[in-house]
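Chemist: Protein chains in written order, with our numbering: chain A, 1 to 324; chain B, 1 to 347.
Note that these hints are calculated values from the structure, not bench results. Incorrect hints may have been included.
Mimicking SDA-like on lysine to any residue, the simulated pairs with C-alpha atoms at most 20 Å apart in a straight line are [to be verified]:
#1 B:K210 with A:G172
#2 B:K280 with B:G292
#3 B:K271 with B:A318
#4 B:K210 with A:T254
#5 B:K210 with A:D255
#6 A:K279 with A:A92
#7 B:K210 with B:T177
#8 B:K210 with B:E254
#9 B:K210 with A:A92
#10 A:K279 with A:L47
#11 B:K280 with B:V171
#12 B:K271 with B:E347
#13 A:K127 with A:N60
#14 B:K210 with A:L47
#15 B:K210 with A:G295
#16 B:K280 with B:E326
#17 B:K210 with B:E347
#18 B:K210 with B:R232
#19 A:K129 with A:G172
#20 B:K271 with B:E254
#21 A:K129 with A:F179
#22 B:K210 with A:D59
#23 B:K210 with B:L189
#24 B:K210 with A:N60
Partner residues aside, some chain A positions facing chain B, computed with beta carbon under 10 Å [to be verified]:
#25 F154
#26 N206
#27 Q252
All figures in this text were calculated on a predicted structure; none of them were measured in a lab. Each residue gets a CB set at the ideal place from its N, CA and C atoms; glycine is no exception.
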Amino acid sequence: MRKSIISLLCLCLYSYQSIGQTCCSAGAPLSNMITVDNTNQLLSFTLGYEYKGINLLIDNNQRLINDPRRRQGQNASLKTDYLLHERWALSATIPFLFQSRTTVSESESSLGLGDISLVTQYQVFQKEKLAIHLAAGLELPTGVVNHTGPSSIFLSPDMQSGSGTLDVLIGGSLFYDNFINSALAVSTEVLYKRNGTNENFASTDNFSGRRFGFGHETLASIGLRYQYVHSLGFFFPDLALKYRNSGPNREQTTDAAPNSGGNWLSLPVGFSFVPSLDKSIRVFAELPLIQNLSGLQITTSFTFGVQVRYSLQKKDNHQTIINL
Amino acid sequence: MKYLYLLSLLVLFACGGDDDLTPATGNSNNEWLIPPSQVFDGGPGKDGIPSVDDPEFNNTDDPQFLSPGALVVGIVDNGIAKAYPHIILDWHEIVNDNIGDNNFAITYCPLTGTAVGWDRQVGNRTTTFGVSGKLYNTNLMPFDRETDSYWSQLRLDCVNGSLVGEKINTVPVVETTWSTWRTCYPNSLLMNTNTGFSRNYGQYPYGDYKTNNDNIIFPVDNLDSRLPAKERVLTVITEDASKVYSIETFDEFEVIEDQVGGENIVVIGSKQQNFMVAYKTGDLSGFQPVVGELPVIAQDGTGQKITLTGEIITGPQAGQQLESIESIIGYYFAMAAFYPEVEIYEE
Chain A
1 MRKSIISLLC LCLYSYQSIG QTCCSAGAPL SNMITVDNTN QLLSFTLGYE
51 YKGINLLIDN NQRLINDPRR RQGQNASLKT DYLLHERWAL SATIPFLFQS
101 RTTVSESESS LGLGDISLVT QYQVFQKEKL AIHLAAGLEL PTGVVNHTGP
151 SSIFLSPDMQ SGSGTLDVLI GGSLFYDNFI NSALAVSTEV LYKRNGTNEN
201 FASTDNFSGR RFGFGHETLA SIGLRYQYVH SLGFFFPDLA LKYRNSGPNR
251 EQTTDAAPNS GGNWLSLPVG FSFVPSLDKS IRVFAELPLI QNLSGLQITT
301 SFTFGVQVRY SLQKKDNHQT IINL
Chain B
1 MKYLYLLSLL VLFACGGDDD LTPATGNSNN EWLIPPSQVF DGGPGKDGIP
51 SVDDPEFNNT DDPQFLSPGA LVVGIVDNGI AKAYPHIILD WHEIVNDNIG
101 DNNFAITYCP LTGTAVGWDR QVGNRTTTFG VSGKLYNTNL MPFDRETDSY
151 WSQLRLDCVN GSLVGEKINT VPVVETTWST WRTCYPNSLL MNTNTGFSRN
201 YGQYPYGDYK TNNDNIIFPV DNLDSRLPAK ERVLTVITED ASKVYSIETF
251 DEFEVIEDQV GGENIVVIGS KQQNFMVAYK TGDLSGFQPV VGELPVIAQD
301 GTGQKITLTG EIITGPQAGQ QLESIESIIG YYFAMAAFYP EVEIYEE
């Protein structure tokens with residue numbers, strides 16, 4: 001029984017793991033929770049907050065210093081997971097983004113609704129130790145794309161809250177409990193995001209706008225999670241290795257804009273506390289390890305965040321847990 | 001509930017930002033001489049591409065960081081010659097400098113390939129220019145730090161801010177290879193890479209942009225296909241007309257006597273030596289190319305020899321200077337965008 005509960009919690013926390021979303025370019029996407037909760041909770045709500053410092057200036061794989069810019073991105077989101085069926089679940093994430101860019105001469109910022117994502121997840125396989133899920137979804141062009149700066153000039157696409165495009169997400173995940181020993185679990189995730197192209201970015205009544213599309217993205221991660229049981233509840237420290245590849249942005253007459261796209265390797269770490277099955281809190285951070293970028297880009301220097309989750313459990317939850 | 005409280009605190013804390021920069025207010029003037037909808041934020045932000053305000057120079061025959069065939073922007077004033085390498089300008093776009101009392105800025109836009117010398121005396125003030133991060137017709141828009149006004153490099157005027165409508169006075173510059181420049185001006189100072197910034201000078205930061213005619217990153221007004229988009233041309237600009245001369249027109253050494261907007265001009269160029277210059281002819285005529293005598297590049301019908309920077313060095317008018325005419329080297333697409341009626345010189 002206890003082992004089953006722990007397995008369930010592992011799955012629950014596993015679904016907290018960010019697997020990425022492009023809301024911002026310059027090699028600095030704001031990750032978000034787009035995986036569907038794959039526990040047997042009927043309905044759950046996750047309030048998330050993430051801060052990204054975007055202050056590394058990289059030329060291909062070399063760090064440059066004396067960059068006169070400071071960039072940051074903040075993302076507050078509400079994610080709702082709904083269990084449609086034993087194997088099917090649906091998730092919606094509503095993000096709000098704040099971004100700022102500061103130099104010695106000017107400070108510009110934007111705050112607004114981001115692109116809402118809708119993801120459905122199918123449980124392909126689940127047995128005592130192993131769970132496999134596939135996910136597919138859309139990111140809708142709901143975000144604000146007309147933020148302007150001083151002198152009423154449109155901010156660049158990476159400073160907008162939304163992309164203005166319909167994007168497609170597909171992915172899969174694997175979770176294996178009792179890995180090596182009973183306190184350890186391993187998980188791996190893969191996600192591909194095909195970003196659309198906005199043919200009319202910054203359009204006005206007398207100007208048809210500019211063509212822009214973020215590069216398509218692939219994310220893959222593998223992580224370990226340790227479980228510790230205490231009288232206060234369950235504690236789960238975790239550690240992962242995350243790889244991200246982004247293709248070049250599409251701009252005006254070119255599908256391979258310079259200084260965009262590349263490869264990133266980072267180290268996400270997290271710590272979760274679960275006082276009871278229906279509540280949990282997780283804090284996390286992500287540190288860059290290796291960047292091999294196309295040309296010159298300003299990219300993420302660090303990330304940290306927190307997620308708070310509340311669930312309404314199924315009436316037959318006890319049975320579900322037993323069946324696990 | 002206590003989790004929500006914690007979350008709120010974190011958000012508020014983080015919104016305070018990590019900025020150790022204290023930006024100026026910025027220009028919030030909404031009057032533009034150009035359609036503001038066609039002014040684009042290039043991404044780095046104002047001063048995100050740092051100008052060099054305290055350039056350092058060397059006098060050297062063999063700079064380790066610069067190949068002989070690398071392009072430089074050269075200026076000569078009061079007998080002092082200075083050269084500014086493209087490989088540095090690619091990363092900074094503006095160098096604020098002076099020779100004696102002559103305060104100028106070398107402005108360079110990597111996206112249009114245009115280098116223009118600007119007088120830093122604006123009105124009764126001496127200013128410095130910075131990179132605004134904005135682009136019009138995919139071309140650099142400097143801002144002046146005295147009034148925070150925005151300027152257009154290729155329109156040569158102020159398009160937004162308190163100086164709107166003011167014309168910039170240009171300073172004649174020559175674009176050529178380091179090898180040609182050094183041959184012409186052996187004592188020339190060369191800007192070095194001690195800019196105060198760590199950058200990969202020598203590594204072009206825009207991929208295949210220079211040569212890929214299909215790669216234009218921002219919208220331009222008039223995509224003219226009469227010449228390849230990235231063809232390197234010299235554009236002569238008068239009040240009433242403009243005319244481009246392609247580098248392909250000039251083989252070894254060529255001299256073209258021509259008329260643009262009612263002005264008699266001479267255009268002298270060499271694809272081999274990689275330069276193109278244009279001057280008003282004044283009362284001179286019968287120009288012929290002079291090969292192998294750099295800095296001399298031409299002579300007039302009476303045999304007076306003329307240097308790369310337009311100085312007459314022999315004959316009765318020795319010591320005089322051919323009057324300069326506004327002329328800018330850059331990619332053809334940019335010239336056609338700013339000067340849609342531009343005429344193309346044909347042999």
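Chemist: Hint by hint, say whether it matches the structure.
Modeler: Comparing the hints with the structure gives:
Restraint check for K210 (chain B) and G172 (chain A): not satisfied, since their Cα atoms lie roughly 41 Å apart, outside the 20 Å limit. Taking the CA atoms of K280 (chain B) and G292 (chain B), the gap is about 23 Å. The hint is violated against a cut of 20 Å. Note on K271 (chain B) and A318 (chain B): the hinted pairing is violated, with a Cα-Cα distance of about 27 Å set against a maximum of 20 Å. With a C-alpha separation of about 13 Å, the suggested pair K210 (chain B) and T254 (chain A) falls inside the 20 Å cut-off, and the hint holds.
Among the hinted pairs, K210 (chain B) with D255 (chain A) is consistent with the structure: their alpha-carbon atoms are about 16 Å apart, no more than 20 Å. Only pairs whose Cα atoms come within 20 Å are accepted, and K279 (chain A) paired with A92 (chain A) is accepted, the gap being roughly 19 Å. Of the supplied pair hints, the one linking K210 (chain B) and T177 (chain B) holds, its CA atoms being roughly 16 Å apart against a limit of 20 Å. Restraint check for K210 (chain B) and E254 (chain B): not satisfied, since their Cα atoms lie roughly 25 Å apart, outside the 20 Å limit.
Pair hint K210 (chain B) plus A92 (chain A) does not hold up; C-alpha atoms about 44 Å apart against a cutoff of 20 Å. The suggested pairing of K279 (chain A) with L47 (chain A) holds, with an alpha-carbon distance near 12 Å, which does not exceed 20 Å. Using a Cα cut-off of 20 Å, the hinted pair K280 (chain B) and V171 (chain B) holds, with the two alpha carbons roughly 15 Å apart. A hinted pair counts as satisfied when its Cα atoms are at most 20 Å apart, and K271 (chain B) with E347 (chain B) qualifies at roughly 15 Å.
Between K127 (chain A) and N60 (chain A) the alpha-carbon distance is near 44 Å, which puts this suggested pair outside the 20 Å criterion. Distance check on the hinted pair: K210 (chain B) and L47 (chain A) sit about 47 Å apart at the alpha-carbon level, beyond 20 Å; violated. The hinted pair formed by K210 (chain B) and G295 (chain A) meets the criterion: a straight-line CA distance of about 14 Å does not exceed 20 Å. Note on K280 (chain B) and E326 (chain B): the hinted pairing holds, with a Cα-Cα distance of about 10 Å set against a maximum of 20 Å.
Straight-line distance between C-alpha atoms of K210 (chain B) and E347 (chain B) comes to about 26 Å, which puts the hinted pair past the 20 Å bound. Between K210 (chain B) and R232 (chain B) the CA atoms are separated by roughly 10 Å; this keeps the pair inside 20 Å, and the hint holds. Between K129 (chain A) and G172 (chain A) the alpha-carbon distance is near 17 Å, which keeps this suggested pair within the 20 Å criterion. Simply put, K271 (chain B) and E254 (chain B) have alpha-carbon atoms about 9 Å apart, close enough for the 20 Å limit, and the pair holds.
Taking the CA atoms of K129 (chain A) and F179 (chain A), the gap is about 9 Å. The hint holds against a cut of 20 Å. Our distance criterion of 20 Å between C-alpha atoms is met by K210 (chain B) and D59 (chain A), whose separation comes to about 18 Å. A hinted pair counts as satisfied when its Cα atoms are at most 20 Å apart, and K210 (chain B) with L189 (chain B) does not qualify at roughly 27 Å. Distance restraint check for K210 (chain B) and N60 (chain A): the Cα-Cα separation of roughly 18 Å lies within the 20 Å cut-off, and the hinted pair is therefore satisfied.
Restraint check, F154 (chain A) versus chain B: the minimum CB separation of about 6 Å is within 10 Å; hint holds. Residue-level restraint check for N206 (chain A) holds (minimum Cβ-Cβ distance to chain B is 7 Å; threshold 10 Å). Because the smallest distance between the Cβ of Q252 (chain A) and any Cβ of chain B comes to about 5 Å, under 10 Å, the interface hint for this residue holds.
The structure does not agree with the numbered hints 1, 2, 3, 8, 9, 13, 14, 17 and 23 stated previously, though it agrees with the rest.
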